[in-house]
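**Q** Sequence:
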Amino acid sequence: MKKGETLGPEFMDAGLGITLFRKGGRVAVPVTICCGQCYFCGKSMFAACETTDPERGAILDKKNVCAGAGLFGCSHRYGGYAEGRAEFLRVPQADIGPTVIPVRLADEQVRFLSRTLPTGYQDEVNAEIGARSTVAILGAGQVGLMTASCRLLGAERISTMRSSPQTSLEMRVRW
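In this note's numbering, the protein residues as written are 1 to 175.
Derived by calculation from the structure, the hints in this document are not laboratory data. There may be inaccurate statements among the hints.
[As the list claims (entries may be wrong)] Computed Cβ-Cβ distance ranges for the label pairs, DEER-style:
id: 1; residue 1: 149; residue 2: 17; range: 33 to 39 Å
id: 2; residue 1: 17; residue 2: 105; range: 34 to 40 Å
id: 3; residue 1: 17; residue 2: 80; range: 20 to 26 Å
id: 4; residue 1: 77; residue 2: 134; range: 32 to 38 Å
id: 5; residue 1: 73; residue 2: 99; range: 15 to 21 Å
id: 6; residue 1: 107; residue 2: 157; range: 31 to 37 Å
From a predicted model like this one, the values you see are computed outputs, not experimental measurements. By construction, the Cβ of each residue, glycine as well, lies at the ideal position given by its N, Cα and C atoms.
The task is simple: from the sequences and hints, build the whole structure.
**A** What follows is the structure, encoded as structure tokens:
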């Protein structure tokens, strides 16, 4: 990381009705865009939000499959929203999802809050990982490494599989 680089976005301004954020504050914006009002959001299943990707949802609903939410940076397949690492980003439904980063936390402490850590954590929650669990993680990229933090939830055995022998060796030494 070079001096002066920004790891998290700085909040520039808010639209009408958005009161949680102050200009100049730091925020972590999740990759998932959700409304907070639909059936799935009401059940905290934000990745299945019915309103933030209406075109895809209409197609999938005919097949009785729940629609996926809109996602930043995933092209027209998930709502056509711009990449989240842009210099400026319009955040639809900004009162649901984005989180204020407290001033007391350094950028390095919140680096992974927007995408990789929440995805890995959600993997752990969905898999119901707990004390004495045995976990196999396919892929040791950013999300796989964040999922490996399941040791904090009590997992006893964690196997991370990746095609690179060097990476696999490094993982075995660390865990």
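**Q** If a hint holds in the structure, say so; if it does not, say that too.
**A** To see whether the hints hold, each was checked on the structure:
1. 149 <-> 17: 33 to 39 Å: Given a distance of about 35 Å, which is inside 33 to 39 Å, the answer is holds.
2. 17 <-> 105: 34 to 40 Å: violated, 27 Å
3. 17 <-> 80: 20 to 26 Å: holds, 23 Å
4. 77 <-> 134: 32 to 38 Å: holds, 34 Å
5. 73 <-> 99: 15 to 21 Å: holds, 19 Å
6. 107 <-> 157: 31 to 37 Å: holds, 34 Å
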